[in-house]
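Visitor: For reference, the chains in residue letters:
2 protein chains.
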Amino acid sequence: MTAADQVSEFDRGIAVTARPGVPSVYDAALDPGWRIGGGINGGLLLALVGNALRQELGAVNDHGDPFSMSAYYISAARPGPGEIRTEAVRRGRTFTTGAATLLQPDEQGAMVERLRVLASYGDLDAAKGEVRTSATPPELPPVEECISSELAPPDFLTEAALLQRLELRLDPACVGWALGKPSGEGRIQGWLRMADGREPDPLMLLFAVDALPPVTFDLGLFGWTPTLELTVHVRARPVPGWLRVVHSTRNLAGGLLEEDAEVWDASGRLVAQSRQLAVVPRPA
Amino acid sequence: MTAADQVSEFDRGIAVTARPGVPSVYDAALDPGWRIGGGINGGLLLALVGNALRQELGAVNDHGDPFSMSAYYISAARPGPGEIRTEAVRRGRTFTTGAATLLQPDEQGAMVERLRVLASYGDLDAAKGEVRTSATPPELPPVEECISSELAPPDFLTEAALLQRLELRLDPACVGWALGKPSGEGRIQGWLRMADGREPDPLMLLFAVDALPPVTFDLGLFGWTPTLELTVHVRARPVPGWLRVVHSTRNLAGGLLEEDAEVWDASGRLVAQSRQLAVVPRPA
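So the sequences go chain by chain: E and G.
Heads up: the first sequence at position 98 corresponds to 98 in UniProt numbering, and the numbers run straight through without jumps.
Heads up: the second sequence at position 99 corresponds to 99 in UniProt numbering, and the numbers run straight through without jumps.
Chain E extracted, bound-state conformation (with noise of 0.2 Å):
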């Protein structure tokens, strides 16, 4: 676990400055350590650009915690220099909408855009109210009869530093991919939490939603799937534990792909349910 003076690596990478003198302009530093193959995981921009509107949102109504975000994915990040420029749409009296850019310099300094997010902000603790849900839990087997990314081909860690942040245990019902046989059905599903033991939280539900390998390994499409938009609602606080997350998909057509996730608590709650929007990846 972490201990109580040590941030976590998940803090470190979605920390935000406000930049002095310039109002809602945030500073990044995008740690390699978020690589998946030639970028930065999307999951953990959502949480970067969540963690900057939470901050300029935040400091008015207690509105600090993201209920819903979209993001349209621009250009692949880079480790190095980030700049967030944030934007208080319209304060409400429940609800804040918000609006973001992340920008990163190229190579002659020029700023180039790299993802633009739409959110609504409000109190988690305040959305009190009846739960129905027909939605049920995913059936997993215990955590120490899932697969361990540790499992996965040492060239794919390579290009997946991330995984090693992460506590990912799949369902070895969902893995025959990395046997060579995938099952087709459109399906992933495991259990997540942080490799330094930090807990789980609105924030930490951006990230959870994109943090699994792409649901096209389970159709035998192997390669990168880039996300053309994602948009993730945030449906409760999460308790501390282990979380259970769900990839799937229903349609694959016109060389796009819908992935949807779904995030549950250790309390059986669902936290996070979000769809993105992918290009399929051609094939070898």
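Just so you know, the hints here were simulated from the structure itself, not pulled from any lab data.
Fair warning: this is a prediction, and the values are worked out from it, not measured in the lab.
Certain hints may be false.
For identical chains, the list gives no copy identity; a pair is met inside one copy or between any two copies.
Here are the simulated SDA-like cross-link-like pairs (lysine to any residue), alpha carbons at most 25 Å apart as the crow flies [to be verified]:
hint	residue 1	residue 2
1	K181	P141
2	K181	R282
3	K181	R250
4	K128	S75
5	K128	V239
6	K181	S148
Since chain E is already given, all that's left is putting chain G on it; use the hints.
Guide: Same frame as chain E, but now just chain G:
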């Protein structure tokens, strides 16, 4: 059917005019015929803004089709003039990322923001590639055995002017709520087409995902269900004919619910998928 020389009600409802001498700004007139409750229907607003983006983004690379749109609803739109400010965020080879905002003057003439949008545009005709879908179209009784919205209570029809422009035929299995016996399942489905025969296209799909009664009716929760956020993915260009639309929800909790919509065209293809996060109506 619409005469060849006649512009359909829908096309008049989403018409925009580039403002002379002001790049990227479009003017519109919001028609009271698309009212629902106190405001203009959210799907119609999406199609209106989508039409402005079509003109702004479609001028380059034939990127005139919405693939994904995410809208954050800020305040209720009223009949009267509207202004749409658009931005081509990045023009790529396959996709163009766009942003837009819809504003209306308040009583003092100050411009008030109604909704803000991010979008990915491209060319649906270029989106070839295999279709591997495990999603199946809804099983609906024949159109003539479904329930017309003309049977809705007259005071509801008055509040829902837009229903008069639609032919909406709901599955009798999902309209128990109209007889005081909601199924509690969280599902409403039916056939949809425009009353004047205007055939579906990608812009009409942006409207279709938010045209049915709210799925909360099927949970016995009546009243206004304001949308915080709605994202729609247009997955194929629809063929002419009736659309089949399914609305469902799985997780009503903490005063919010997600509402998923699927739209299937007459050829049996899944042409649009959407999800919105909406506020649960308070018990009367």
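Visitor: With reference to the structure, classify each hint as holding or not holding.
Guide: The hints, checked one at a time:
1. K181 <-> P141: The answer is within: 20 Å in one copy meets 25 Å, while 40 Å across copies does not.
2. K181 <-> R282: within (19 Å within a copy, 50 Å between copies)
3. K181 <-> R250: The answer is within: 19 Å in one copy meets 25 Å, while 32 Å across copies does not.
4. K128 <-> S75: between (38 Å within a copy, 23 Å between copies)
5. K128 <-> V239: This pair counts as within: shortest intra-copy Cα distance 15 Å, inter-copy 44 Å.
6. K181 <-> S148: within (18 Å within a copy, 49 Å between copies)
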